[in-house]
Amino acid sequence: MTGIIIKIPAVILLVFVCSCGNSSMRQGGPGFPVADSVPVGEAEKLSEEAVADIVQNIASPVEIASILQSMQVPFSAGYLATTHEADRLTTNFQKAVMLGIYGADLGYLNIYEKTGNSIDILSTIKRLADGLRVGQYFDFETLKRLSVSKTNLDSLLFLSVNSYNQIDRYLRENNRGSISALMIAGVWIEGQYLATQVALTSDNRILRDRIGEQKVILGDLLMLLGPYRNSGEEYGSLYRMMEGLNEKYAGVKVSYRLGEPETLEEDGRLVMVQHEESIVEMSDSQLAEIAEMSKEVRNKLISGK
1 MTGIIIKIPA VILLVFVCSC GNSSMRQGGP GFPVADSVPV GEAEKLSEEA
51 VADIVQNIAS PVEIASILQS MQVPFSAGYL ATTHEADRLT TNFQKAVMLG
101 IYGADLGYLN IYEKTGNSID ILSTIKRLAD GLRVGQYFDF ETLKRLSVSK
151 TNLDSLLFLS VNSYNQIDRY LRENNRGSIS ALMIAGVWIE GQYLATQVAL
201 TSDNRILRDR IGEQKVILGD LLMLLGPYRN SGEEYGSLYR MMEGLNEKYA
251 GVKVSYRLGE PETLEEDGRL VMVQHEESIV EMSDSQLAEI AEMSKEVRNK
301 LISGK
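So in the numbering used here the end of the sequence shown lands on 305, straight run, no missing numbers.
Heads up, some of the hints might be wrong.
[As the list claims (entries may be wrong)] Simulated crosslink set (DSS-like; lysine-lysine; CA at most 30 Å straight-line):
id, residue 1, residue 2
1, Lys126, Lys305
2, Lys300, Lys114
3, Lys253, Lys295
4, Lys295, Lys114
5, Lys248, Lys295
6, Lys126, Lys295
7, Lys295, Lys305
8, Lys126, Lys114
Derived by calculation from the structure, the hints in this document are not laboratory data.
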(Lines of atoms letter the chains of each structure in order from A; the text may use other names.)
(Lines give C-alpha, C1' and ligand atoms only; values in the text may rest on other atoms or scores of the structure.)
Protein backbone atom coordinates (compact mmCIF):
# COMPACT_ATOMS: atom_id res chain seq x y z
CA MET A 1 0.00 0.00 0.00
CA THR A 2 1.38 3.42 -0.85
CA GLY A 3 0.50 6.97 -0.08
CA ILE A 4 1.95 10.34 -0.97
CA ILE A 5 3.24 12.02 2.16
CA ILE A 6 3.13 15.80 2.23
CA LYS A 7 4.84 17.69 5.01
CA ILE A 8 2.22 19.72 6.88
CA PRO A 9 2.92 22.16 9.71
CA ALA A 10 2.33 20.46 13.07
CA VAL A 11 -0.68 21.70 15.01
CA ILE A 12 -0.94 21.65 18.80
CA LEU A 13 2.63 20.29 18.98
CA LEU A 14 0.40 17.39 19.73
CA VAL A 15 1.06 14.62 17.58
CA PHE A 16 -0.60 12.11 15.49
CA VAL A 17 0.51 10.98 12.08
CA CYS A 18 3.85 10.91 10.31
CA SER A 19 3.73 13.37 7.44
CA CYS A 20 7.37 13.07 6.50
CA GLY A 21 9.60 10.57 8.24
CA ASN A 22 12.92 11.77 9.62
CA SER A 23 15.18 11.39 6.63
CA SER A 24 18.32 12.08 8.65
CA MET A 25 17.56 9.04 10.78
CA ARG A 26 16.74 6.81 7.82
CA GLN A 27 19.86 7.87 5.95
CA GLY A 28 22.30 7.31 8.77
CA GLY A 29 22.20 10.80 10.27
CA PRO A 30 22.08 11.64 13.97
CA GLY A 31 19.54 9.67 15.96
CA PHE A 32 18.46 9.40 19.56
CA PRO A 33 20.62 7.74 22.20
CA VAL A 34 19.42 4.43 23.59
CA ALA A 35 16.95 5.25 26.38
CA ASP A 36 18.82 3.26 29.05
CA SER A 37 22.00 5.22 28.31
CA VAL A 38 20.46 8.60 29.13
CA PRO A 39 21.06 9.77 32.71
CA VAL A 40 18.08 11.35 34.43
CA GLY A 41 20.00 14.61 34.63
CA GLU A 42 20.25 14.69 30.82
CA ALA A 43 16.59 13.86 30.26
CA GLU A 44 15.48 17.45 29.69
CA LYS A 45 18.04 17.94 26.92
CA LEU A 46 16.99 14.73 25.23
CA SER A 47 13.34 15.65 25.56
CA GLU A 48 13.84 19.02 23.87
CA GLU A 49 15.73 17.46 20.97
CA ALA A 50 13.18 14.67 20.65
CA VAL A 51 10.19 17.02 20.78
CA ALA A 52 11.71 19.30 18.14
CA ASP A 53 12.34 16.33 15.86
CA ILE A 54 8.90 14.83 16.39
CA VAL A 55 7.06 18.10 15.80
CA GLN A 56 9.07 18.78 12.66
CA ASN A 57 8.29 15.43 11.13
CA ILE A 58 4.69 14.71 12.01
CA ALA A 59 1.31 16.22 11.39
CA SER A 60 -1.40 16.84 13.92
CA PRO A 61 -4.72 15.33 15.00
CA VAL A 62 -6.22 17.82 12.58
CA GLU A 63 -4.87 15.77 9.67
CA ILE A 64 -6.50 12.57 10.84
CA ALA A 65 -9.80 14.41 11.35
CA SER A 66 -9.47 15.83 7.84
CA ILE A 67 -8.91 12.32 6.48
CA LEU A 68 -12.05 11.14 8.27
CA GLN A 69 -14.02 14.03 6.79
CA SER A 70 -12.79 13.17 3.30
CA MET A 71 -13.96 9.60 3.96
CA GLN A 72 -17.35 11.05 4.93
CA VAL A 73 -17.04 9.46 8.36
CA PRO A 74 -19.62 11.24 10.54
CA PHE A 75 -18.60 12.93 13.75
CA SER A 76 -19.04 10.69 16.79
CA ALA A 77 -18.95 11.97 20.35
CA GLY A 78 -18.48 8.35 21.38
CA TYR A 79 -14.82 8.58 20.39
CA LEU A 80 -14.16 11.33 22.93
CA ALA A 81 -12.91 10.88 26.47
CA THR A 82 -15.59 11.96 28.94
CA THR A 83 -14.68 15.03 30.95
CA HIS A 84 -15.99 13.59 34.21
CA GLU A 85 -12.82 11.47 34.26
CA ALA A 86 -10.92 14.64 35.16
CA ASP A 87 -12.59 14.85 38.56
CA ARG A 88 -10.67 11.88 39.94
CA LEU A 89 -7.19 12.93 38.74
CA THR A 90 -4.76 13.42 41.61
CA THR A 91 -1.21 13.10 40.28
CA ASN A 92 0.67 15.32 37.85
CA PHE A 93 1.20 12.24 35.69
CA GLN A 94 -2.54 11.73 35.30
CA LYS A 95 -3.21 15.41 34.71
CA ALA A 96 -0.51 15.71 32.04
CA VAL A 97 -1.62 12.62 30.12
CA MET A 98 -5.26 13.69 30.20
CA LEU A 99 -4.33 17.23 29.19
CA GLY A 100 -2.90 15.68 26.04
CA ILE A 101 -5.88 13.41 25.47
CA TYR A 102 -8.36 16.25 25.86
CA GLY A 103 -6.18 18.40 23.59
CA ALA A 104 -6.51 15.81 20.82
CA ASP A 105 -10.26 15.66 21.40
CA LEU A 106 -10.44 19.45 21.16
CA GLY A 107 -8.73 19.32 17.76
CA TYR A 108 -11.22 16.66 16.62
CA LEU A 109 -14.15 18.81 17.74
CA ASN A 110 -12.78 21.93 16.09
CA ILE A 111 -12.07 20.37 12.70
CA TYR A 112 -15.63 19.01 12.62
CA GLU A 113 -16.83 22.49 13.63
CA LYS A 114 -18.47 21.13 16.77
CA THR A 115 -17.25 24.23 18.54
CA GLY A 116 -20.30 24.45 20.75
CA ASN A 117 -19.41 21.04 22.18
CA SER A 118 -15.90 22.17 23.06
CA ILE A 119 -16.82 24.39 26.03
CA ASP A 120 -16.84 21.48 28.47
CA ILE A 121 -13.49 20.18 27.22
CA LEU A 122 -12.01 23.68 27.30
CA SER A 123 -13.10 24.09 30.92
CA THR A 124 -11.54 20.74 31.79
CA ILE A 125 -8.31 21.60 29.98
CA LYS A 126 -8.08 24.88 31.86
CA ARG A 127 -8.63 23.11 35.19
CA LEU A 128 -5.94 20.54 34.45
CA ALA A 129 -3.55 23.23 33.24
CA ASP A 130 -4.10 25.17 36.47
CA GLY A 131 -3.37 22.01 38.42
CA LEU A 132 -0.05 21.70 36.58
CA ARG A 133 0.68 25.40 37.17
CA VAL A 134 0.56 26.27 33.47
CA GLY A 135 -2.97 27.68 33.31
CA GLN A 136 -1.64 31.19 32.69
CA TYR A 137 -1.00 30.20 29.09
CA PHE A 138 -4.69 29.67 28.33
CA ASP A 139 -6.74 32.72 27.38
CA PHE A 140 -9.79 30.81 28.48
CA GLU A 141 -12.35 33.58 28.05
CA THR A 142 -11.31 34.23 24.44
CA LEU A 143 -11.22 30.51 23.66
CA LYS A 144 -14.67 30.12 25.18
CA ARG A 145 -16.04 33.02 23.15
CA LEU A 146 -14.61 31.66 19.90
CA SER A 147 -15.95 28.20 20.67
CA VAL A 148 -19.55 29.33 20.33
CA SER A 149 -18.92 30.82 16.88
CA LYS A 150 -18.28 28.48 13.95
CA THR A 151 -17.12 31.44 11.87
CA ASN A 152 -13.97 31.81 13.99
CA LEU A 153 -12.61 28.28 13.63
CA ASP A 154 -9.19 29.43 12.40
CA SER A 155 -8.78 31.78 15.34
CA LEU A 156 -9.86 29.09 17.77
CA LEU A 157 -7.37 26.62 16.32
CA PHE A 158 -4.59 29.19 16.45
CA LEU A 159 -5.20 30.09 20.08
CA SER A 160 -5.48 26.43 21.06
CA VAL A 161 -2.21 25.62 19.31
CA ASN A 162 -0.47 28.67 20.73
CA SER A 163 -1.52 27.77 24.27
CA TYR A 164 -0.15 24.25 24.01
CA ASN A 165 3.08 25.41 22.39
CA GLN A 166 3.68 27.91 25.19
CA ILE A 167 3.00 25.25 27.82
CA ASP A 168 5.44 22.86 26.18
CA ARG A 169 8.16 25.51 25.95
CA TYR A 170 7.67 26.59 29.56
CA LEU A 171 7.82 23.03 30.86
CA ARG A 172 10.99 22.15 29.01
CA GLU A 173 12.71 25.40 29.93
CA ASN A 174 11.92 24.78 33.60
CA ASN A 175 13.18 21.21 33.82
CA ARG A 176 9.70 19.72 33.69
CA GLY A 177 10.21 17.88 30.43
CA SER A 178 8.53 14.78 31.79
CA ILE A 179 5.20 16.63 31.91
CA SER A 180 5.65 17.78 28.33
CA ALA A 181 6.47 14.22 27.25
CA LEU A 182 3.31 12.94 28.93
CA MET A 183 1.18 15.56 27.19
CA ILE A 184 2.57 14.48 23.83
CA ALA A 185 2.05 10.81 24.63
CA GLY A 186 -1.55 11.55 25.62
CA VAL A 187 -2.31 13.30 22.36
CA TRP A 188 -0.64 10.61 20.31
CA ILE A 189 -2.49 7.71 21.90
CA GLU A 190 -5.84 9.49 21.58
CA GLY A 191 -5.23 10.16 17.89
CA GLN A 192 -4.03 6.59 17.44
CA TYR A 193 -7.16 5.29 19.13
CA LEU A 194 -9.42 7.39 16.92
CA ALA A 195 -7.68 6.36 13.70
CA THR A 196 -7.54 2.65 14.47
CA GLN A 197 -11.15 2.42 15.60
CA VAL A 198 -12.34 4.01 12.36
CA ALA A 199 -9.98 1.88 10.28
CA LEU A 200 -11.52 -1.32 11.65
CA THR A 201 -14.82 -0.49 9.99
CA SER A 202 -13.75 1.69 7.05
CA ASP A 203 -11.39 0.38 4.39
CA ASN A 204 -9.35 3.43 3.41
CA ARG A 205 -5.82 3.17 2.07
CA ILE A 206 -4.65 6.59 3.25
CA LEU A 207 -5.86 6.00 6.80
CA ARG A 208 -4.27 2.55 6.94
CA ASP A 209 -0.99 3.95 5.67
CA ARG A 210 -1.00 6.65 8.34
CA ILE A 211 -1.57 4.03 11.03
CA GLY A 212 1.27 1.91 9.64
CA GLU A 213 3.61 4.90 9.66
CA GLN A 214 3.10 5.24 13.40
CA LYS A 215 5.72 2.50 13.75
CA VAL A 216 8.33 5.21 13.09
CA ILE A 217 6.72 7.78 15.39
CA LEU A 218 6.23 5.27 18.19
CA GLY A 219 9.97 4.65 18.20
CA ASP A 220 10.51 8.38 18.70
CA LEU A 221 7.95 8.48 21.50
CA LEU A 222 9.69 5.63 23.31
CA MET A 223 12.92 7.63 23.16
CA LEU A 224 11.06 10.66 24.47
CA LEU A 225 9.59 8.73 27.40
CA GLY A 226 12.59 6.50 28.06
CA PRO A 227 14.57 8.82 30.36
CA TYR A 228 11.60 9.00 32.76
CA ARG A 229 10.72 5.31 32.84
CA ASN A 230 12.22 4.88 36.33
CA SER A 231 10.64 8.04 37.76
CA GLY A 232 7.78 6.09 39.32
CA GLU A 233 5.35 3.24 38.76
CA GLU A 234 3.05 5.35 36.57
CA TYR A 235 5.90 6.25 34.22
CA GLY A 236 7.17 2.68 34.14
CA SER A 237 3.70 1.32 33.42
CA LEU A 238 3.18 3.75 30.53
CA TYR A 239 6.55 2.89 29.05
CA ARG A 240 5.85 -0.84 29.25
CA MET A 241 2.45 -0.39 27.59
CA MET A 242 4.02 1.62 24.78
CA GLU A 243 6.66 -1.07 24.37
CA GLY A 244 3.86 -3.62 24.10
CA LEU A 245 2.22 -1.57 21.38
CA ASN A 246 5.57 -1.25 19.65
CA GLU A 247 5.81 -5.05 19.58
CA LYS A 248 2.51 -5.18 17.70
CA TYR A 249 4.17 -3.08 15.00
CA ALA A 250 7.13 -5.46 14.69
CA GLY A 251 5.81 -7.11 11.53
CA VAL A 252 4.70 -3.86 9.86
CA LYS A 253 7.10 -2.72 7.14
CA VAL A 254 7.52 0.96 6.28
CA SER A 255 9.85 2.20 3.55
CA TYR A 256 10.16 5.46 1.64
CA ARG A 257 10.86 6.74 -1.85
CA LEU A 258 11.75 10.32 -2.67
CA GLY A 259 9.06 12.14 -4.60
CA GLU A 260 9.16 15.39 -6.53
CA PRO A 261 10.37 18.46 -4.58
CA GLU A 262 8.10 21.50 -4.40
CA THR A 263 8.90 25.16 -3.87
CA LEU A 264 6.55 27.00 -1.50
CA GLU A 265 6.44 30.52 -0.13
CA GLU A 266 6.53 30.78 3.67
CA ASP A 267 6.77 34.13 5.44
CA GLY A 268 7.91 35.82 2.26
CA ARG A 269 10.65 33.27 1.58
CA LEU A 270 10.83 30.41 -0.88
CA VAL A 271 11.16 27.06 0.86
CA MET A 272 11.95 23.78 -0.84
CA VAL A 273 9.81 20.92 0.48
CA GLN A 274 10.93 17.39 -0.29
CA HIS A 275 7.93 15.11 -0.64
CA GLU A 276 8.22 11.41 0.03
CA GLU A 277 6.21 8.37 -0.89
CA SER A 278 5.64 5.90 1.89
CA ILE A 279 5.26 2.20 1.25
CA VAL A 280 3.41 0.50 4.10
CA GLU A 281 2.92 -3.24 4.35
CA MET A 282 0.40 -4.12 7.07
CA SER A 283 -2.04 -7.03 7.10
CA ASP A 284 -5.61 -6.93 8.37
CA SER A 285 -4.63 -9.07 11.35
CA GLN A 286 -1.76 -6.74 12.22
CA LEU A 287 -4.12 -3.76 12.04
CA ALA A 288 -6.61 -5.53 14.30
CA GLU A 289 -3.92 -6.28 16.91
CA ILE A 290 -2.59 -2.72 16.79
CA ALA A 291 -6.12 -1.33 17.15
CA GLU A 292 -6.88 -3.57 20.13
CA MET A 293 -3.63 -2.69 21.90
CA SER A 294 -4.09 1.03 21.19
CA LYS A 295 -7.57 0.87 22.69
CA GLU A 296 -6.26 -0.97 25.75
CA VAL A 297 -3.48 1.56 26.39
CA ARG A 298 -5.82 4.50 25.88
CA ASN A 299 -8.51 3.14 28.18
CA LYS A 300 -6.01 2.28 30.91
CA LEU A 301 -4.63 5.80 30.83
CA ILE A 302 -8.11 7.29 31.05
CA SER A 303 -9.19 4.98 33.87
CA GLY A 304 -5.95 5.49 35.78
CA LYS A 305 -5.80 1.76 36.55
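Against the structure, the hints come out as follows:
no. : hint            : result
1   : Lys126 x Lys305 : 24 Å, holds
2   : Lys300 x Lys114 : 27 Å, holds
3   : Lys253 x Lys295 : 22 Å, holds
4   : Lys295 x Lys114 : 24 Å, holds
5   : Lys248 x Lys295 : 13 Å, holds
6   : Lys126 x Lys295 : 26 Å, holds
7   : Lys295 x Lys305 : 14 Å, holds
8   : Lys126 x Lys114 : 19 Å, holds
In the structure shown, no violation is registered for any of the earlier numbered hints.
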